[in-house]
Amino acid sequence: MSDDPIVHGDDAPPSSWKKGDAPDAMGIGDTKGDSIVGRTVTINRPVGEVFAYFRDFTNLPTFMENVVSIEVLDEARSHWVVKAPAGRTVEWDARITDEAQDRFIAWTSEPGADVANSGRVDFQDAGARGTVVTATILYDPPGGIVGKIVAKMFQREPAIQARRDLRRFKQLMETGEIATSAYTARQLEEETN
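Okay, so the sequence shown: first residue is 171 according to this note's numbering, each after it adds one.
Hints should not be assumed to be uniformly reliable.
Unchecked claim - If you anchor each label on the Cβ, the simulated ranges turn out as follows:
| # | residue 1 | residue 2 | range |
| --- | --- | --- | --- |
| 1 | Ala246 | Gly297 | 30 to 38 Å |
| 2 | Thr259 | Thr232 | 27 to 35 Å |
| 3 | Val238 | Gln341 | 18 to 26 Å |
| 4 | Ser239 | Thr350 | 17 to 25 Å |
What the hints assert, rightly or not - Below, a list of computed lysine to aspartate or glutamate pairs in the EDC-like style, where the Cα atoms sit at most 16 Å apart:
| # | residue 1 | residue 2 |
| --- | --- | --- |
| 5 | Lys253 | Glu219 |
| 6 | Lys253 | Asp335 |
| 7 | Lys253 | Glu235 |
To be clear, the hints were calculated from the coordinates, so they are not data collected in a lab. For every residue, glycine included, the Cβ atom is placed at its ideal position computed from N, Cα and C.
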C-alpha cells in the first residue's frame, strides 16, 4: 500500500478544495459517492496512539453514535451496520484500499452496499498540539436529495454525524470518556415518574 500523502496546492481538506478533483486525489482507489463531507479535529494525543485506536475498527462504535456494530472480516475488510432515519439500519462491507501506518486509512464500500461510500481519514502529527485528524467521506444518500433531506431532519446525515463523531473521538482520546448531558433520557424518565 502507498504511503504517499494527498498532494495538492493547499493543505485544506479535500472537501473544501476549489480546484482539482478531490475524490481522485484522495488515494481511495475505487471512489463511491457523489456527496463529499470533510471534517477536521485536533486531538491532544500522539499520532501513533490516535491512529492505533482508530485502526481497531471494533473501537469505532464507542464514539460513532450511529454505528450499531462493526465486524472485522479480515485485515482489509469489515461489515458495518449503521442507524438510518425512521428506525431503520443500513449495512455494507468496506474494504481498505490504501493505508500508511500513523498517516492515513482509505476505504471503499463493496458492491451491494445499502449506502455506497468511500473515504479517507488522515492523521497528521501536530507536535506538542497532538494529532490533526481529517475525515473525508464520499457517499450516495439513499433516495437521492430527498433522502439527504430526510437524513438531516433525523440528524443521521453524514456531515452532521462526522462533526459529532470527531468531537466524541477527541473527548474519548483526551479524557478517556465522552461527556453527556446531566440526565440520559432513561434517567429523566425515571426521575419524572
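Here's how the hints hold up against the structure:
no.: 1; hint: Ala246 to Gly297: 30 to 38 Å; verdict: holds, 31 Å
no.: 2; hint: Thr259 to Thr232: 27 to 35 Å; verdict: violated, 18 Å
no.: 3; hint: Val238 to Gln341: 18 to 26 Å; verdict: holds, 21 Å
no.: 4; hint: Ser239 to Thr350: 17 to 25 Å; verdict: holds, 21 Å
no.: 5; hint: Lys253 to Glu219; verdict: violated, 28 Å
no.: 6; hint: Lys253 to Asp335; verdict: holds, 14 Å
no.: 7; hint: Lys253 to Glu235; verdict: holds, 9 Å
The structure fails hints 2 and 5 (numbered hints given earlier, in ascending order).
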